[in-house]
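Chemist: So the protein lines, in turn, are chains A and B.
Mapping to my numbering: the first sequence position 10 is 10, numbers consecutive.
Mapping to my numbering: the second sequence position 116 is 116, numbers consecutive.
Check before you lean on any hint, since a few could be wrong.
With a straight-line cut-off of 27 angstroms between C-alpha atoms, the simulated BS3-like cross-links for lysine-lysine are [said to hold, decoys possible]:
#1 Lys83/B x Lys110/B
#2 Lys87/B x Lys42/A
#3 Lys165/A x Lys2/B
#4 Lys165/A x Lys4/B
#5 Lys42/A x Lys83/B
#6 Lys4/B x Lys164/A
#7 Lys110/B x Lys87/B
#8 Lys2/B x Lys164/A
Please keep in mind that the hints were generated in silico from the structure rather than gathered at the bench.
Source: prediction; values computed, not measured.
So you can see what is in the structure, the chains are spelled out below.
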Amino acid sequence: MPLRTDTSVRRLTRLALLTAVALCIHLLEGQLPPIFPVPGAKPGLANVVTLYTMFTIGPGDTLLVLLSRILLGSVFSGRATTLFYSLAGGLLCFAVTCLLRRLLPLRQLWVAGILGGICHNIGQLAVAIAITRTPALVVYLPWLLLCGMGTGLFTGLCARFFVKKLPGKYKTW
Amino acid sequence: MKTKYWVMLFAAVAAACVTAIVLFPLPQGVANSAELYQNGVLLCTVPLDEDTRFTVPAPDGGSNTVAVSGGRIRVEQADCPDKLCVKQGWSRTEGYPIVCLPHGLVIQPKGRQVDFDAAAH
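So here's chain B without its partners, still in its complex pose (with noise of 0.2 angstroms):
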């Protein structure tokens, strides 16, 4: 096949990536409560509005400090092998959970109102 055609194909495909990011975008609406997931299961939903400090254990025997502060969420501890939830940083909008593989924890903001106090797990 011609290079040509292969570099319209690209163009193409990058096209349509673009299209895809204009018409769905990042979720970005600033969360006021986030929710905790440790394998796929809620544990429970996090109002964003007070600080607070927070451990989870995690099943293989690990845990990760989550903490909230200023509107925002983070993985401030964890003691998984590459520590990349703790390198993600704060996050306030839907558009970026906050994930530690290891330990199976995904944490999801949400822009919606919460209903109740964060449950103990």
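One chain only, chain A, in its complex shape (with noise of 0.2 angstroms):
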């Protein structure tokens, strides 16, 4: 894949559609009525977009675009405290791919979802935990677990396609 140095414009474009994306999908993936009693687990199929951006462009605009999904999905939702749970579970997920993105070929990018969510699910469960300060609801680990990982393989799968399909062609740091 050629590489060339992004013109500012373009880059800015293409990582606020991805910021978008993943934007919607946070917040539509939050109305579904939790599960379980654990505040703040969601299904984070918003991550598909962490993945796509990470093994098609790079970890810092990955980087940028996961914030600032973040950062605007707790103000168009209104609720503050989302904030605290997708930052552990985003930035954890964030963490796992990045080191992932050099040690994984694209074909294996399902295992990069699957750790992926794993690792967000466990962010936000250790939030939870914090949060609320009631240990107890590690007792709800395991099903998160096979939850998480269940969505993390769907959105790796998804990944894969999207990178499949819309090769990124600019690549920056």
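Reconstruct the complex from the two isolated chains, following the hints.
Modeler: Structure, rendered in structure tokens:
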């Protein structure tokens, strides 16, 4: 894939669109009723954008998209508390995906999806336990992990599909 | 790492989760009382055998209206922005605490007998 330095307007537009997509997914999935009484537990489907951006563009811009989505997400949904949950889940997922980016071939993107999903849920549960101060919530960990692995597989496969159809020709740092 | 090793790894994790779920099932005992916590501090213990309704003020000025009916408890009304606590609905078991995050409220049903009447906050 040819590497070119992105002009700033094109890059800005691309990242803005990615943020918008992630934001929409994030807000829509936030409307779903909670299955587990763990506050902030969400499927984490917006991570498909994080995966896609990470594997086509790069960690720097992925971080920009992620933080913008989390910040705007908490503003638009009107819940400031969402901020901490999304930050914990999103940043942990980001860190893991960043490591995996170098290690995994594209055909194993689903692995990054699952690992990202696992970290996402662990991050959310940790923050939920910390904020509500009920360590008993940890009993939901195996349930969350199973669901997280399921949605992670789904997001990983989706991201793989998108990377195949929309390969990024522009890489930044 | 070959794909099949990843598959084995995730299968092992899933198996561990299922084992954990079987060994540590969500507490299912029907509760006969519920403890109300605010930011980790126990406010009161409410017996679930008497239908009642009361309001818990939150430190930020908001409030949650808690209702007990038919051995179950729920947050009927809340002025937090997301109202996840209200959407959680009724709870009658220890395994299903009701949480209002913005107000730091946790309603934890318990399966043991309550020793004293609900104390007003």
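Chemist: If you check each hint against the structure, which ones fail?
Modeler: none
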